[in-house]
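Going line by line, the protein sequences match chains W and S. Residues in the first sequence are numbered consecutively from 28, following this note's numbering. Residues in the second sequence are numbered consecutively from 488, following this note's numbering.
Be aware that a few hints might be false.
Calculated pairs, SDA-like style, for lysine to any residue (alpha carbon to alpha carbon, straight line, at most 20 Å) [unchecked claim]: (1) S:K632 with W:F233; (2) S:K576 with W:T234; (3) S:K632 with W:F240; (4) S:K576 with W:L243; (5) S:K609 with W:T234; (6) S:K609 with S:E596; (7) S:K679 with S:A655; (8) S:K576 with W:A223; (9) S:K632 with W:P242; (10) S:K632 with W:L301; (11) S:K632 with S:S593; (12) W:K282 with W:T308; (13) S:K576 with W:L301; (14) S:K576 with W:I75; (15) S:K787 with S:A854.
Calculated directly from the structure, the hints in this document are not laboratory data.
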Amino acid sequence: MSMSGSAAAPALSAATPAPSLPRFRNAGWWGLILPAFLLMTVFYLAPILQVLLISFTEPRPGLDNYERLFTSMGVQNVIETTLRICIITTAVSLALGYALSYVVALASPRAQRWWLLAVLVPLWISVLVRSFAWVTLLRRQGLVNEGLMGLGVIDEPLRLVWNEFGIVVGMVHYMVPYAVLPILASMREIDPRLLAAARGLGASRFTAFRRVFLPLSAPGLVAAGVLVFIFSLGFYITPAILGGGKTLMAAEWIKLQILDLIRWGLGTMLATVLVVAILVTLAIFSRVVNLKRLFGGGA
Amino acid sequence: MSEATALSRPEARSAGHALELRGLSKRYGSFTAVENVSLRVESGEFLTLLGPSGSGKTTILMMIAGFTTPSEGGILLDGQDITGLPPEKRDFGMVFQGYALFPHMSVAENVAFPLRVRAMGKAEREAKVRAALDLVQLDRFAERKPSQLSGGQQQRVALARALVFDPALLLLDEPLSALDKKLRAELQEELKALHRRVGRTFVNVTHDQEEALSLSDHIAILNHGKLVQMGGPTALYEAPRTRFVADFLGKSNFLQGTVRELAPGGMALQAGGTRLVQAAGAGPRPAIGAPALLSLRPEKIALLGESDAAENMVSGEIAAWAYLGAGFSLAVRTADLGEIRVALPAWKAPIAPAEGLPVRLGWSADAAVPVLEDEGAA
């Protein structure tokens, strides 16, 4: 990089390095990240701080908005619904993700590549497209209902969408890859000989799994749980489309307050609660698992 | 160190079991990893399966352990067929390559694992774990995690874990290969002492010929999936049946000649202009005029002085030499026998080796052994 200035240093001066050179070089590197830093502070941190501020000042200064957390049934309902859907989504995603990772981790390297591709392809498709795809599948005249009625399993269409069930289906579908990646990473670190050793020492397949494989993959499971839960808390598009406006989760409720009801104070209050909830979750789990692993840092 | 442990009672001598392999084969598609191997390990014996990588030795061990299903043949323990048993039902202890200790368990928990899966009571389990850790002198490390132990200590934990449940058989898959040379020699001695103490049947797999020679009661030499020769270390070293065995177990010179005379106790060969006298080997007697191959160990060759004589003598000059501390390794170029390696003790060596130095080599008629060319050798 010419910014560092060292590339231009002639070979002759190499014997007497200028003492200020390292600092200059560092300044150059810091300069490189300056645009990103400004972008983050001006367009990201500042609005968040403003959100925090508004929640204490609109419609009048004070803790009125936060009081609603304890007094308003509507607010409590939204929080309860959000937590319930997030917990169910996380649990189902972890179960499916763990099973999927287990199959992938034990597959041959060639098969592993195909499995991973199959897991990752959905990530490349817009969440909007996927949500509408689920609507067409699950609605009254959708493939699932028509199919079940054609087989004579049911007499009238099941209510599969525009309720919590639909939201959970859509969210789980979105979250499973995020569950698979950390779980698979921790499963891949397990020496397959450990399982053979367990069986050689007298453990059945199941005991070897329970006493050796499961504990060793637990960090990945916890990491995946945190990741999925936090993602779920702020989910907007999928619940908005598959919930049909009847089941409100936090993100959609916030949008409703701010854009439709112009109640900025209430909207920003819940947004702040959401941010704090995520930070608290992270703080708790950072003591349990290595967060670097969660966010793809070095092992 | 406590000798009076549950594992090392005097009557434990009889606790070993005999293992028999009958016509064992393993094929992967068109590739034959193991071909028709039959052998017997007597109760309390230490058997080593020795061979280069790809010789099928690990496949055989995995079939004994139950992780690999044989394509043909059977495995018998004390005469009972166990070929179809899953590994956990065989009751064999196994020390894996790289030890395969459970990283999330302490040393004591690792050793307790086989007892726990057998649902042994807590008091009995703890006593057995303590005895097993005593046996490998690791009682002070019970609460450590495997990652906090040195390679040699991990190896001992693996041994304790494999022995704690009084297994019918102890299987060792290259148990010392991950250790450095000095530690390896130390643990070889320990392993040998342990085998004597517990009196169990051990089956060891290695590619290290020194390890095989120093540890084993019997060695089975494998090549290309076939059992080439089996016997005691001395018998194999002194009387290799084939070129491969002579070459793989120790170092060897190979002398090629034509049989000229046959006598009851031996024969005479012609190799170029040199006549060699050779004592009869264990193999079939060759016919006059047939080609013969002799294996001659470097340490059985002497440097002859001006007036010395030996039954076999050849002159040459030193083509290359190396000083190894305990001795010199000489490569002597000869006209009729090609290059001959000689191991010469360095202490009071009769010559100071130098390239181009003319020397006379001599060896007795019983120093070399006739060996067969390998089957299918190119």
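message: Of all the hints numbered above, which does this structure not satisfy? Sort the numbers upward.
response: 1, 4, 10, 12, 13, 14
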